[in-house]
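> Sequence:
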Amino acid sequence: MNLSIQTINFLQFIIIGILLALIYDVFRAYRKYNKTSKKFIIVQDIMFFIISLIILIFSLVILLNESIRFYLIIAIILGISIYISVFSKIIIKIYIRFFTIYHNVFSFICLPFKFIFQLFIKNCNFLFKIVKKACKKIKNVVIYIYNKIKSIRINFLKFNKQKRVKNEKTKNKKSSKKEKN
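Take the sequence shown: its letters are residues 36 to 216, numbered as in the numbering used here.
Any given hint could turn out to be false.
[To be verified] Straight line, CA to CA, 20 Å or less: simulated EDC-like cross-link-like pairs of lysine to aspartate or glutamate: (1) Lys70 - Asp80; (2) Lys70 - Asp60; (3) Lys74 - Asp60; (4) Lys67 - Asp80; (5) Lys128 - Asp60; (6) Lys124 - Asp60; (7) Lys73 - Asp60.
I should point out that these hints are in silico values taken from the structure, not numbers from a laboratory.
Produce the complete structure using the sequences and hints provided.
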């Protein structure tokens, strides 16, 4: 490998370092724009690690044919340092402005859907109340019918019992009369 190829590789990996710092600034700007919990920060860091790992692996495979040199690590660190010292503050402000504009535009676009959704929820709540009242009335009607059927059944059983008792008495009387004859 001659010196010019190594110089080109060094510059390419400085650019890759700048790219990695630029991606990390997306996460930093989002954290500043939207206060996030520690769990979400951990998820963001894992996402950044995976993205940066993919970028580094592809750049090593495509640019260097899988050969790792020590000066490439220094080039990546140098690219990150250059980006952070020169561009980071400006880019974070741009990202925060982008997130604000994106949020406002997205909120404006979603406003009709939000209105429709709220109307739908209100109608569902109204229908739910009506169905709840209807179910309550149906329950009361079913309980009333059940109690009526129960009382009819009890009266019927009493009537049958009385009828049986009368029948037995009349049978007993008839049988006693027959025995006497």
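> Hint compliance check: list the failing hint numbers for this structure, sorted ascending.
none
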